[in-house]
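Novice: The listed protein sequences correspond, in order, to chains U and S.
Each step along the first sequence adds one to the number in our numbering, with nothing skipped, and position 2 is 2.
Each step along the second sequence adds one to the number in our numbering, with nothing skipped, and position 71 is 71.
For the record, the hints were derived by calculation from the structure and aren't laboratory data.
Take these hints with a grain of salt, some might be off.
Unchecked claim - With a Cα cut of at most 30 angstroms, we get these calculated DSSO-like pairs of lysine-lysine:
1. U:K162 with U:K24
2. U:K162 with S:K50
3. S:K57 with U:K19
4. U:K84 with U:K19
5. U:K23 with S:K57
6. U:K19 with U:K98
7. U:K95 with U:K162
8. U:K84 with S:K50
9. U:K21 with U:K84
10. U:K84 with U:K95
11. U:K162 with U:K23
12. U:K19 with S:K50
13. U:K162 with U:K21
14. S:K50 with U:K98
15. S:K50 with U:K23
16. U:K84 with S:K57
17. S:K57 with U:K21
18. U:K24 with U:K98
19. S:K57 with U:K24
20. U:K98 with U:K23
21. S:K50 with U:K95
22. S:K50 with U:K24
23. U:K23 with U:K95
24. U:K162 with U:K98
25. U:K24 with U:K84
26. S:K50 with U:K21
To be verified - Which stretches of chain S does chain U cover? Using the computed rule of at least three CB atoms under 8 angstroms from a CB of chain U, they are:
27. 13–24
28. 28–37
29. 56–63
Virtual Cβ for every residue (Gly too), placed ideally from N, Cα, C.
The residues making up each chain are set out below.
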Amino acid sequence: MTSHSVDAGASRFEPTTFKVKDKKLGMWIFLASEVMFFTGLIGSYIILRWGTATPWPEPGEVLNVPITAGNTFLLICSSVTMVKAFAAIEDGDQKMLKVWLLATAIIGACFVGVQAYEYNELIHHEFLPSSGLYGSTFFTMTGFHGFHVTVGVLCMLWVTVKAFRGGYTQADHQGVEIIGLYWHFVDLVWIILFTIVYLI
Amino acid sequence: MLVFGGLAALTAIEVAVAFMGFERNVTVLILIGLAVWKALLVAMYFMHLKWETRALKILAAAPFLPAAIMIVVVLMENF
Chain U
1 MTSHSVDAGA SRFEPTTFKV KDKKLGMWIF LASEVMFFTG LIGSYIILRW GTATPWPEPG
61 EVLNVPITAG NTFLLICSSV TMVKAFAAIE DGDQKMLKVW LLATAIIGAC FVGVQAYEYN
121 ELIHHEFLPS SGLYGSTFFT MTGFHGFHVT VGVLCMLWVT VKAFRGGYTQ ADHQGVEIIG
181 LYWHFVDLVW IILFTIVYLI
Chain S
1 MLVFGGLAAL TAIEVAVAFM GFERNVTVLI LIGLAVWKAL LVAMYFMHLK WETRALKILA
61 AAPFLPAAIM IVVVLMENF
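Using the sequences and the hints given, assemble the complete structure.
Specialist: Right, here's the structure in full:
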């Protein structure tokens, strides 16, 4: 192996020009693209909602605001447990890292469960993606977000299993930080979507 | 925990504002303001953006410029 290839290999673990490590920078760039993705959805929603002559239902008329407000609170709680998990491994506390990661995955799964219940109730009352623009925009926006949370829960379980196998140390725990960034972003997007879709 | 309390309280205020019966435009403005406030709390404290380098802060903020332009143009088209 040449000295050049050794250097190239080592540089993967060096801080980038942004003074952060490569994987973390990669996640931030990915999240920037996600901002554009959800902005596209929100922009389409604004056009479809305010561009049509027919007034859309008032908040709470079709959608269940109290249940979803509770679900929003649940997602905020999962962000807190994620913060705790990261703080634990920063302190080298392996036991609490596992506890908080597991809690985050479980609360995230509960969020998806409540969303599935909500969908079931709405479909039972014949509110479907085919029920006009309101139905299609609602299911598209919340569906894509739910998909993101589901992927987040699966990744969180992966990270949790790795934590149980002792895969993270106080010195090297990029995986925990990266899944944390994704998880908080998903929470952030929901904060915006909850306001736009359910309350306005 | 202070941020957590703030996010929970702001969520409760949002729900209350939505059903308080203010004028439509006032309600929308308050709700969007509260949502942006909450989003900033998550980004700054939970995602640690407050303690990151200036370059990373700019990277994180960059997509919001075209996003804001798009939303403003779309709103101007519809109002």
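Novice: Need the list of violated hint numbers for this structure, in ascending order.
Specialist: none
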